[in-house]
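Trainee: Required output: the full structure, derived from the provided sequences and hints.
Residue numbers (our numbering), protein chains in the order written: chain H, 74 to 417; chain X, 74 to 417.
Do not take every clue at face value.
Pairwise CB distance ranges (calculated) [stated by the list, open to error]:
#1 X/Gln-193 with H/Thr-396: 32 to 42 Å
#2 H/Gln-216 with X/Arg-111: 29 to 39 Å
#3 X/Gly-218 with H/Asp-372: 38 to 48 Å
#4 X/Ile-295 with H/His-341: 36 to 46 Å
Everything labelled a hint here was simulated from the structure, so no lab data went into it.
Note that CB positions come from ideal geometry on N, CA and C, so glycine has one too.
2 protein chains.
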Amino acid sequence: MKRVSIKDVAKEAGVSASTVSYVLNSTPTESISPETARRVMDAVKKLGYIPNLNARSLSSRRSNMIGVLIPQTEPGKELMFSNPFYGELLSSIEYTARQHGYHLLLSGTKEDQDYLSIAQNRGVDGIIIVGTYPGENLNALKQLGVPIVLVDSYVKDEAFHTIGIEDREGARMATRYLIEKGHRQIAFVSGSIRENGVNIKRYQGYCDAMQSAGLSVDEQSIYSGTVDYDYGITAAKEYVARGKKQTAAFVSADVISMGLIKGLQQNHVRVPEDLSIVSFDDVYLARMANPALTTVHQDIGEKGKQAVQLILDAAGFKEHRHTECILPLSLVERESVREWRNQP
Amino acid sequence: MKRVSIKDVAKEAGVSASTVSYVLNSTPTESISPETARRVMDAVKKLGYIPNLNARSLSSRRSNMIGVLIPQTEPGKELMFSNPFYGELLSSIEYTARQHGYHLLLSGTKEDQDYLSIAQNRGVDGIIIVGTYPGENLNALKQLGVPIVLVDSYVKDEAFHTIGIEDREGARMATRYLIEKGHRQIAFVSGSIRENGVNIKRYQGYCDAMQSAGLSVDEQSIYSGTVDYDYGITAAKEYVARGKKQTAAFVSADVISMGLIKGLQQNHVRVPEDLSIVSFDDVYLARMANPALTTVHQDIGEKGKQAVQLILDAAGFKEHRHTECILPLSLVERESVREWRNQP
Chain H
74 MKRVSIKDVA KEAGVSASTV SYVLNSTPTE SISPETARRV MDAVKKLGYI PNLNARSLSS
134 RRSNMIGVLI PQTEPGKELM FSNPFYGELL SSIEYTARQH GYHLLLSGTK EDQDYLSIAQ
194 NRGVDGIIIV GTYPGENLNA LKQLGVPIVL VDSYVKDEAF HTIGIEDREG ARMATRYLIE
254 KGHRQIAFVS GSIRENGVNI KRYQGYCDAM QSAGLSVDEQ SIYSGTVDYD YGITAAKEYV
314 ARGKKQTAAF VSADVISMGL IKGLQQNHVR VPEDLSIVSF DDVYLARMAN PALTTVHQDI
374 GEKGKQAVQL ILDAAGFKEH RHTECILPLS LVERESVREW RNQP
Chain X
74 MKRVSIKDVA KEAGVSASTV SYVLNSTPTE SISPETARRV MDAVKKLGYI PNLNARSLSS
134 RRSNMIGVLI PQTEPGKELM FSNPFYGELL SSIEYTARQH GYHLLLSGTK EDQDYLSIAQ
194 NRGVDGIIIV GTYPGENLNA LKQLGVPIVL VDSYVKDEAF HTIGIEDREG ARMATRYLIE
254 KGHRQIAFVS GSIRENGVNI KRYQGYCDAM QSAGLSVDEQ SIYSGTVDYD YGITAAKEYV
314 ARGKKQTAAF VSADVISMGL IKGLQQNHVR VPEDLSIVSF DDVYLARMAN PALTTVHQDI
374 GEKGKQAVQL ILDAAGFKEH RHTECILPLS LVERESVREW RNQP
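Mentor: In structure tokens, the structure reads:
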């Protein structure tokens, strides 16, 4: 079947091809009669015309920009990549976008007003928001009328597409693994535990596994700070100060584990001989660690890729359909866990 | 002194305040007579009017977007952050931009045409280019008429601002340090060595130090691949295959050192007992390494901050002045080097 061309659309609408091109490229401020624009768009729909994405001039109001918000909402956090997870995710988003001729309008803003007005004035074809984001700001974003994808958020709203993982199940898997290795005293180490964030889900998964095994969760086993290397070092000191009661830890992010291992070394606690660690994310760092981290693997590259794909699909001439995408998890065994059958 | 207001400009130009606002916000497609625009701009200059940056509507053609190009030009490299240096630099650029109400239009593109047309159509207030970039594309970028900052490039052109470090001197410092520690057989490990890039400068610095000490540089001591973790592992295998002739290595990027250490461990070569390593960059990883890396420290955060500052200065109502900024280097001693006074 012959591909529908811009000339076919022009003929159907009774206008010139350049008028079609003009309509598909026009910004709201440009002067074209609403009647003409409507006739052209009707013809586009009727014929199922798909503009050639490689031809910029025909690309139908597309800005070829995707907004990416990585709000720095962790208390005390200002820099975007103190957790390498964000770097890897952004890397994948950028790569996928680039393959489709798109570029990213990036911000780590907490104050959404600036970003909103830029996204509105300059136009973005969609927005990807990573992590938690205050509810009232999400409402403002809806007004932009572009597809929005929430990554790793537990905000439930039909207006947004979501991509995530089963954080609770992943944490349960990690904790259960430690229990199967004979550990009974298991610490939980994470960033701040907040509503709609991933850490509360991972905390719940940890509790699930402990309770299923008849093990109690006590306050002394919970370490909560920020998702970065330095907090890992702090947690190690705290672990020593609290009397080294646990033989294992489930740590909710690889970057914290990296700091934890360093901090433990400084305090002559060996991993995994004295403390076993199962971690979460499987960022590139996990393999670099010494010992290499046993961790819950999530496909960060796929997360970024799908986020962009959702925008491209939704920004096309397709109808809006709410999409909820859950990516699989697995446990990668490396060097940071030992069996704990007998007291040493 | 009273701040010059938009009303003062309007009075001077003999137009209404809304016309001034319109001129300062207009895009080239909007219809305003060139004569009126000129009168307004003359008045702006004469009175030294500075638009209030917080009032978007008065922000004088500013897009509040800074273009950031991190071209993925390394052979075989597609993802932006396989070297965490870029993540840290971008993090700093984003943070500084955000403090000033700016956002980033990010791309890892090699093909500049897409990016150019977006930068042109959507408007950016300046462009930061990180690393090497083909010369002919730089010429096309000049046409955009916005300030351009080259980071870590040895392209010499008065049209661009530059921010960099003395790569050659840093490499000399690192290699001399190993020589002072008693090493005579010293390997050089880096990404691909190309014209106008940083690696050739670091290679030259390595050669400088070797020659100053009367040491010869032979082909067997040179390892050149890609700037990533995996190449470090490859280089370790190669080192073993070549007969472990060197007692030390100067490695041109921390991320390669991380892989090198892992690869050496897999081959039962200990760092620093069997091979000492001095590295370059002092990314966050350097401290996380085990042993922690002795490395040439550069202030990556400052690099990003100054890049944004140069754009903001140049994009203001100031005259264009070519700025060349060289940031200082220092050597940070950690755990990856041992003295080599006697053969073991």
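Trainee: Please go over all the hints and tell whether each is borne out by the structure.
Mentor: Consistency of the hints with the structure:
{"no.": "1", "hint": "X/Gln-193 with H/Thr-396: 32 to 42 Å", "result": "holds (33 Å)"}
{"no.": "2", "hint": "H/Gln-216 with X/Arg-111: 29 to 39 Å", "result": "holds (37 Å)"}
{"no.": "3", "hint": "X/Gly-218 with H/Asp-372: 38 to 48 Å", "result": "holds (43 Å)"}
{"no.": "4", "hint": "X/Ile-295 with H/His-341: 36 to 46 Å", "result": "holds (40 Å)"}
Violation of the numbered hints given earlier is absent; every hint is satisfied by the structure.
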